[in-house]
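Chain by chain, the residues run as shown.
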Amino acid sequence: MAGVAGGNDFQWCFSQVKGAIDEDVAEADIISTVEFNYSGDLLATGDKGGRVVIFQHEQESKNRPHLRGEYNVYSTFQSHEPEFDYLKSLEIEEKINKIRWLPQQNAAHFLLSTNDKTIKLWKISERDKRAEGYNLKDEDGRIRDPYRITSLRVPVLMPMDLMVEASPRRIFANAHTYHINSISVNSDHETYLSADDLRINLWHLEITDRSFNIVDIKPANMEELTEVITAAECHPHQCNVFVYSSSKGTIRLCDMRAAALCDRHSKFFEEPEDPSSRSFFSEIISSISDVKFSHSGRYMMTRDYLSVKVWDLNMENRPVETYQVHEYLRSKLCSLYENDCIFDKFECCWNGSDSAIMTGSYNNFFRMFDRNTRRDITLEASRESSKPRATLKPRKVSTGGKRKKDEISVDSLDFNKKILHTAWHPKDNVIAVAATNNLYIFQDKIN
Amino acid sequence: MFPKGTKRKFSDAGEEAVGGGGGDQGPSAASSSSSSAAAARQSLLDMSLIKLQLCHMLVEPNLCRSVLIANTVRQIQEEMTQDGTWQIMTQALAAAQCPADRLVATEVLCRQTDPAAQAGQSPKPFSEAEQDHLRADSRTGEQVFGTFEIKHPAPPPDPALDELFSDVDPSYYDLDTVLTGMQSAPKMGPYDLLESLSSHGPTALSSSSSCRSDLNELDHIMEIIVGS
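Protein sequences appear in the order of chains A and B. Residue numbers for the first sequence follow UniProt numbering, so the first one is 1 and each next one is one higher. Residue numbers for the second sequence follow UniProt numbering, so the first one is 1 and each next one is one higher.
The hints are simulated quantities; they were obtained by calculation from the structure and are not laboratory data. Since the model is a prediction, treat every value here as computed from it, not as a measurement. The beta-carbon is built from N, C-alpha and C at its ideal position, and this holds for glycine as well. Errors might be hidden in some of the hints.
[Claimed, not checked] EDC-like, lysine to aspartate or glutamate: derived pairs with alpha carbons at most 20 Å apart: (1) K402/A to D344/A; (2) K88/A to E60/B; (3) K445/A to D344/A; (4) K123/A to E165/A; (5) K218/A to E165/A; (6) K345/A to E27/A; (7) K95/A to E60/B; (8) K48/A to D444/A; (9) K418/A to D354/A; (10) K218/A to E60/B; (11) K267/A to E321/A; (12) K417/A to E407/A; (13) K129/A to D145/A; (14) K427/A to D444/A; (15) K345/A to E78/B; (16) K248/A to D83/B; (17) K95/A to D85/A; (18) K48/A to D83/B.
[Unchecked claim] Cβ-Cβ distance ranges computed for the label pairs, FRET-style: (19) I217/A to A95/B: 54 to 60 Å; (20) K404/A to A95/B: 37 to 43 Å; (21) A95/B to F84/A: 44 to 50 Å; (22) A95/B to E83/A: 57 to 63 Å; (23) R374/A to A95/B: 55 to 61 Å; (24) N221/A to A95/B: 30 to 36 Å; (25) A95/B to V320/A: 33 to 39 Å; (26) R278/A to A95/B: 51 to 57 Å; (27) L261/A to A95/B: 31 to 37 Å; (28) P272/A to A95/B: 40 to 46 Å; (29) A95/B to A20/A: 54 to 60 Å; (30) D406/A to A95/B: 55 to 61 Å.
Work out the full structure: start from the sequences and follow the hints.
The structure is reproduced here in structure tokens:
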């Protein structure tokens, strides 16, 4: 995989970058979620301003078949607006926390997008024909004088410029007291779950005025609160199974057949703490920021502050694989706590075949790990290495005293340039990396 | 804050102590490292308390972050209780009863009574900024929390009103009472937060419950006005 020494290794090349080049980044333009659809044909991004932008993969041109097609803007719409909760005198942010696509069932595309409080189901449909030749009105839409109508004609469908319309089909509101951090579509394609800090709800896609609460970890006395839900996901094949992760570094797998309220887990995943590396920050860095099932459904991956762990669902007492993302930050935890970076929530993703995983880091670096060869690579999303089809150069952070040429020292890392959101095409080796307000798309060179 | 990775000399020394390096050191090294560890631990405690107080002045606190910081504070408190420094600090707090500049006074007292801190480096540049921040923030805290105070006493229970509000979900207001004691006393400094977080802080709890009912009442009134 990873573009290290030759052979059959893939080489990641720059393909496209979307977004403004300005140094001054508008807060609303910061990308907050990235997601490919099931076929990989569509790529959706959500931003802090509540907008959703969908890119579509164009077919390769016949003239230059060695180039993969590009992703171009397909649809842009305002998904969520800022709201005001009058009861609590609090503003509800319009930032899109997550987008999840529904599997395609007809010509239209459906996706779920959520902010802190409300989930919306959007239908994105194409219109490339319009009817012409109405009897009762002109082409301009003016009503025709009935006395002038002397013959009847059948309206015909004429081609028109492609128009992509996005319309909200369902709004799932008022079910979450706390901030929604995850949504996940179930494999039955009829239900989905939404999780906030303390509760998880199960919805039916057709029903907006009711949802079932399936997990509730809110203590009777809020003073006793020591743990929150950080992420949740449905199993890709078993529609009765889901997992949720916590701020204490644990994952619970629940079976909805066991009880209506899944407060008692079926499986409990936790790695025993290494007593030699215990510090005041141990709990914070163990907090899981993302959990993702593998496509096979056999494994799941969790991301905590410094590492990514792969778990076998059949083994609860420890992960089967652990990958260090940026271990050089372990000695800087106090500073990272002071500037709040230690609370950054990084996501992680699998490739289509589950042989590789990817996650982001600081300084616009992102990391990829090949599970078979155990090789890893650090790449950078930057305008400097953004020449068409330019191969990305592996980056390295120097940890020791001596900094080699081309290496960057830990103290020179830009902690404002964080890659929190990445996505891997479900079938091909195409990745989308969100770097603040820019979306980078990289592809492997070999087709 | 940490824009381009500027090197911070002091924090590196504090890093190893607080970050739990866990290496073997000789006896003389051990004593000096333990004093710097105590100073680092104190600065971590101060930092955490400021963060907790600040995050309750934000529009809507990030619950995950609040919980993680509160757990860190509890951990520090446990460790300080075990080695006796906690008792010294609470005694100093009790001794210094001045309300407005309580924080500044306790900072000074803690530094003076803790010989370990004297021996090691005291994080001066950090605490000065802290104190300024704190004084400014405790004032805005009063402004924010002041609006929640209800001056008149609660009216006698009205069965009609009770029925009207019977289906109001009380859990709706619970977000405001995370880490009880946050909104109870506007003049409360960060060390009061410690009182409420630990199991031995009965006074903070009772004052918060009365404030909680005040808050509920305000919300009830708001609901009538909004007509929801």
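| task | If any of the earlier hints don't hold here, list their numbers in rising order. | result | Hints 1, 3, 5, 8, 9, 13, 15, 16, 18, 19, 20, 22, 25, 26 and 27 not satisfied by this model.
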